[in-house]
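*Asks:* Going down the list, the sequences are from chains Y and G.
Residue 187 in numbering that gives the first Met the number 0 is what sits at position 188 of the first sequence, and the numbering runs on without skipping anything.
Residue 149 in numbering that gives the first Met the number 0 is what sits at position 150 of the second sequence, and the numbering runs on without skipping anything.
It is possible that part of the hints are untrue.
Computed footprint of chain G on chain Y; a stretch qualifies when at least three of its residues, placed anywhere within it, have a C-beta under 8 angstroms from a C-beta of chain G [stated by the list, open to error]:
1. 169-179
2. 267-276
Just a sample of chain Y residues kept apart from chain G, beta carbon distances all over 12 angstroms, derived [unchecked claim]:
3. ALA17
4. GLY53
5. GLU110
6. LEU166
7. LEU213
Sample of chain G residues at the chain Y side, in silico, Cβ under 7 angstroms [to be verified]:
8. PRO386
9. GLY399
10. ALA418
11. GLY464
12. ALA468
Hints listed in this document are in silico derivations from the structure and should not be mistaken for laboratory results.
No residue lacks a Cβ here, since even glycine has one placed at the ideal position from N, Cα and C.
Okay, here's what each chain looks like letter by letter:
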Amino acid sequence: MIPLLSVVTFLPGAAGLALLFVPRRSVGALRVASLAITVVTFVLSLPLYFGFDGDITGYQFEENRPWMPTLGAAYHVGIDGISLLLVLLTTFLMPLALASAWGVIEDRLKEFMATMLILETGMLGVFVSLDLFLFYVFWEAMLIPMYFIIGVWGGPNRIYAAVKFVLYTMVGSVLMLVAILALYYQYGAATGRYTFDLPVLAQYVMAPGRAQDLMFLAFALAFAIKVPLFPFHTWLPDAHVEAPTAGSVVLAGVLLKMGTYGFLRFCLPLFPDASLAFGPVVWTLAVIGVIYGAWVSTVQPDMKKLVAYSSVSHLGFVMLGIFTFNQQGLVGGLIQMVNHGLSTGALFLMVGMLYERRHSRLIADFGGLWRIVPAFSALFLVVVLSSLGLPGLNGFVGEFLILVGAFQRSPWLAALATSGIIFAAVYLLWMYQRVIFGEVTRDANRGLPDLTTREWAVLVPVVALIVWIGVYPVAFTGKTEATIEALLAQVQAKASAHR
Amino acid sequence: MDAIVFPAVVLGPLLPALIVLAAAALVLGLDLGPRALPRELLAVTALAGMLGALLATLARWGTPGRAFRDMVVLDNYALFFNVIICYSGALIVLLSMDYLRRTGSDSAEYYALVLFATAGMMLLAAAGDLVVVFLALELMSLSLYVLAGLFKRELASGEAAMKYFLLGAFASSFLLYGIALVYGAAGTTNLDRIAAAMAARPRDPLFVVGFGLLLVGFGFKISSVPFHMWVPDVYQGAPTSVTALIATGSKAAAFAALIRVLAVTLRGVPPDWTPLFWAVAVVTMTVGNVVAIAQSNLKRMLAYSSIAHVGYMLVGLVAGGAGGTGAVLFYLLTYTFTTAGAFGVITLCERARGEAVEVGDYAGLARRHPMLAAALGIFLLSLIGIPPLAGFVGKFYVFGAAVRAGYVWLAVIGVLNSAVAAYYYLRVVVYMYMREPEGAVTAYAPSFAGGVALTVALFAIVLLGVMPAPFVDLAQAAVAPLLR
Numbered sequence: 000m001i002p003l004l005s006v007v008t009f010l011p012g013a014a015g016l017a018l019l020f021v022p023r024r025s026v027g028a029l030r031v032a033s034l035a036i037t038v039v040t041f042v043l044s045l046p047l048y049f050g051f052d053g054d055i056t057g058y059q060f061e062e063n064r065p066w067m068p069t070l071g072a073a074y075h076v077g078i079d080g081i082s083l084l085l086v087l088l089t090t091f092l093m094p095l096a097l098a099s100a101w102g103v104i105e106d107r108l109k110e111f112m113a114t115m116l117i118l119e120t121g122m123l124g125v126f127v128s129l130d131l132f133l134f135y136v137f138w139e140a141m142l143i144p145m146y147f148i149i150g151v152w153g154g155p156n157r158i159y160a161a162v163k164f165v166l167y168t169m170v171g172s173v174l175m176l177v178a179i180l181a182l183y184y185q186y187g188a189a190t191g192r193y194t195f196d197l198p199v200l201a202q203y204v205m206a207p208g209r210a211q212d213l214m215f216l217a218f219a220l221a222f223a224i225k226v227p228l229f230p231f232h233t234w235l236p237d238a239h240v241e242a243p244t245a246g247s248v249v250l251a252g253v254l255l256k257m258g259t260y261g262f263l264r265f266c267l268p269l270f271p272d273a274s275l276a277f278g279p280v281v282w283t284l285a286v287i288g289v290i291y292g293a294w295v296s297t298v299q300p301d302m303k304k305l306v307a308y309s310s311v312s313h314l315g316f317v318m319l320g321i322f323t324f325n326q327q328g329l330v331g332g333l334i335q336m337v338n339h340g341l342s343t344g345a346l347f348l349m350v351g352m353l354y355e356r357r358h359s360r361l362i363a364d365f366g367g368l369w370r371i372v373p374a375f376s377a378l379f380l381v382v383v384l385s386s387l388g389l390p391g392l393n394g395f396v397g398e399f400l401i402l403v404g405a406f407q408r409s410p411w412l413a414a415l416a417t418s419g420i421i422f423a424a425v426y427l428l429w430m431y432q433r434v435i436f437g438e439v440t441r442d443a444n445r446g447l448p449d450l451t452t453r454e455w456a457v458l459v460p461v462v463a464l465i466v467w468i469g470v471y472p473v474a475f476t477g478k479t480e481a482t483i484e485a486l487l488a489q490v491q492a493k494a495s496a497h498r
Numbered sequence: 000m001d002a003i004v005f006p007a008v009v010l011g012p013l014l015p016a017l018i019v020l021a022a023a024a025l026v027l028g029l030d031l032g033p034r035a036l037p038r039e040l041l042a043v044t045a046l047a048g049m050l051g052a053l054l055a056t057l058a059r060w061g062t063p064g065r066a067f068r069d070m071v072v073l074d075n076y077a078l079f080f081n082v083i084i085c086y087s088g089a090l091i092v093l094l095s096m097d098y099l100r101r102t103g104s105d106s107a108e109y110y111a112l113v114l115f116a117t118a119g120m121m122l123l124a125a126a127g128d129l130v131v132v133f134l135a136l137e138l139m140s141l142s143l144y145v146l147a148g149l150f151k152r153e154l155a156s157g158e159a160a161m162k163y164f165l166l167g168a169f170a171s172s173f174l175l176y177g178i179a180l181v182y183g184a185a186g187t188t189n190l191d192r193i194a195a196a197m198a199a200r201p202r203d204p205l206f207v208v209g210f211g212l213l214l215v216g217f218g219f220k221i222s223s224v225p226f227h228m229w230v231p232d233v234y235q236g237a238p239t240s241v242t243a244l245i246a247t248g249s250k251a252a253a254f255a256a257l258i259r260v261l262a263v264t265l266r267g268v269p270p271d272w273t274p275l276f277w278a279v280a281v282v283t284m285t286v287g288n289v290v291a292i293a294q295s296n297l298k299r300m301l302a303y304s305s306i307a308h309v310g311y312m313l314v315g316l317v318a319g320g321a322g323g324t325g326a327v328l329f330y331l332l333t334y335t336f337t338t339a340g341a342f343g344v345i346t347l348c349e350r351a352r353g354e355a356v357e358v359g360d361y362a363g364l365a366r367r368h369p370m371l372a373a374a375l376g377i378f379l380l381s382l383i384g385i386p387p388l389a390g391f392v393g394k395f396y397v398f399g400a401a402v403r404a405g406y407v408w409l410a411v412i413g414v415l416n417s418a419v420a421a422y423y424y425l426r427v428v429v430y431m432y433m434r435e436p437e438g439a440v441t442a443y444a445p446s447f448a449g450g451v452a453l454t455v456a457l458f459a460i461v462l463l464g465v466m467p468a469p470f471v472d473l474a475q476a477a478v479a480p481l482l483r
């Protein structure tokens, strides 16, 4: 049998390394080859979706091979309803990101493509790992390609942004390493079996108390920085704004999800008591993030920065959903992760398209674009509406479920979070209005060309998916509900085991 | 009166060191030979000596031997260090070949001294007696003092040699005084018999003071804070290939002796030295990392970073047991390849006024010499501890041992330190990949031998990073008999 999951995970990275041996001059071949690799990866990941049985709990497409038996680390990968969607999101966004960089990246193209492909392997590895050691390897290793993408191909302030990104993330993740070790030895001392295997460790009922709290906090800090949860978000605007469009798409679309995924995959099942105990803290920070991110977005003169801060707001919603500890909230949070990946990814793509045409991202430099680039404006409208949660589009499904979940926890919380949706409408529509409607304010904009064929090819799949999820979310929620139910049952069972 | 009994002479346990010494003698002999002999022959002979010693080491694996009334103990522990030392020596010989020719310092003495130093390191790892510890340490150190001053016309090189010698001699005298006090208390310099004597009279102040002085001597050689002052100047001033040897082989050998002395003699004997090591570990890694941030000279930065790495290794020593001590051995293995590789890249970079040592000299290196930049980048990433490279696994085991032994906060301080370290290592990567060159261009000095050395080092850090388990198991098995 073909180890499909491993093939999907390692194909891009392996191909990326192989690309390094292609002569630098064959620019066209490099572009086509790297795009083809990501497309093939996406096609190969489709059987994961269709072959995935949404009614079973537990991991599917599992592979478990010994790696370091004396240490208890194994090459253990597999996907459940949570990781399935994120794997698909990754494989779906990568070809779009590379296509968006088609004519834009010219400096050291070969290295760029190779780095992006290696990054894809790193991200997929994070989502499929079921062994804490393996997970940590991918989690840390993936930092380096992102660091290069921001630092080499980014904007004027790219070095500062790249270093800040790495240092922030690293401080969080090294503490997680200590927590992983502590968990490993605590489990080993309690059971006599030393292992990093996640399904095994997840069965372990840890006594509540200081040790569990500290381990939770170490994991949570690593993930909160990645999400980013207020007040750990300050790296995000720099990194998103400085990164090239393809990098921003991957950052917003996939990388941030690694943080929220970490909460779902590790914090909740491994440290249920601490997760429940710290729940109120997380809600509070999440809601602050929702509102703060929205307010800061409103006043941004730069579209890319506006979209970057809107991520803080949207990811706050996801965190709120995860920490409601009920079915609606968790499913909503998960769907919202995918939605944010699509909507924000698309927003970055479209802002990037404007930037390529005008070499400006300032809202004030635009106006009246509807008359000049109607097709662009129409698709931009769909994406903006999806991002602000219009019913019928994908964003609504996630936000609605999250708010239903949050309402059961606390109506006040839900009310405050709802204001975030209103503010989202304010900053997004106001931006849209200033950029697209009205009179043409700058003569430089008059000759702007509308969408090219390549841009159509990039945007149509995203918009189609945005509509599909909005109209028929069951295609995706159906794959995850059993997993989420089992996760919740596990958290409740473990948390009540001591009472 | 008893007749004088001559002990049976068993040279087997000395075999690896003897091979190296024979190579040294051969190098000196060849230098006296006809001028027509190709100069490469010297380096090739030295390399053959290192590889021969490596083979002898591997052949003796699992068959511990003792010689000269337990003065030399060639157990698996010593053999493990021999492997590290042989690799270090061989890499340095490879890196030196073209480097010396370019700098006009190609000479037989150089290779002979490197071989003598290597033999000293091997004996240090195998020393079962404090007298041998001292002799081996001096053999190693005296060779290195001379090597540090190899660039006779350069002031910095002379300064390095002078500083290294004066401070090293000072440290040696501390060590010697400590040995004298321990001998006074125990009546023997043999480590096993000292252990027995200490177990009988644990709180004898002579022991405590003697050991304190021994630790000062070792602290100097492993360059832990507060005995690290010589490190930046010596690392910066010495020829880069010599710096690599001081940073890898001599550090490994000093650790070998330190661990053996501690493990054999202090087996559970009060007072507990752990709090002292805890504090020294924290101070060493923090000072090393924080000061490294401020350095603009790459060699100086690597010097401070090597101090920080000593701090991480001391964490493993604090954790103790086969897990902790084995982790230190493995760490030294990974550290040797990584550090030798990083210094190796420097030997291959050249500027009009000499070596490329300023961080700014590396600006834009990736554009002109992508392979060289990639190699240095990978070595630096391994020093940061990015998986799946060897440096990560080394840190993983060291901090894992600390967590297991209950020193969670020590591990936390350690990992935060390695996050700090990421800043200055990445700064070099920033220059290589994200900045354009300033002023004169840094040229690549092509060297086949240097390329081989870098390839070996790269291969090793990837192998040790992806498949570390067998090597860690070997390291732990090697220290287990010491700890009993």
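*Asks:* State for each hint whether it applies.
*Replies:* Cross-check of the supplied hints:
Only when three residues or more bring their CB closer than 8 angstroms to a CB of chain G does the claim for the stretch 169-179 of chain Y stand; here the count is 6, and the claim holds. Beta-carbon proximity to chain G at under 8 angstroms applies to 0 residues in the stretch 267-276 of chain Y; the threshold of 3 is not reached and the given coverage is violated. Listed as a non-interface residue, ALA17 (chain Y) keeps its Cβ farther than 12 angstroms from every Cβ of chain G; the least gap is roughly 15 angstroms. Against the 12 angstroms criterion, GLY53 (chain Y) stays outside the reach of chain G, whose nearest CB is about 33 angstroms from its own CB.
Distance check on GLU110 (chain Y): its Cβ comes as close as 8 angstroms (rounded) to a Cβ of chain G, failing to clear the 12 angstroms threshold; non-interface status is violated. The non-interface label for LEU166 (chain Y) is inconsistent with chain G: the shortest C-beta to C-beta separation is roughly 6 angstroms, within 12 angstroms. Not every C-beta of chain G lies more than 12 angstroms from that of LEU213 (chain Y), the closest at about 8 angstroms, which undercuts listing it as non-interface. With a cut of 7 angstroms, the hint placing PRO386 (chain G) at the interface with chain Y holds, because the nearest CB-to-CB distance is about 4 angstroms.
Interface restraint check: GLY399 (chain G) against chain Y, minimum CB-CB distance 5 angstroms, threshold 7 angstroms, status holds. Interface hint at ALA418 (chain G): satisfied, since its Cβ lies 5 angstroms from the closest Cβ of chain Y, which is below the 7 angstroms cut-off. Here the hint on GLY464 (chain G) is broken, as its CB sits about 9 angstroms from the closest CB of chain Y, past 7 angstroms. At about 4 angstroms, the closest approach between the beta carbon of ALA468 (chain G) and any beta carbon in chain Y falls short of 7 angstroms, and the interface hint on this residue holds.
The earlier numbered hints that this structure contradicts are 2, 5, 6, 7, 11.
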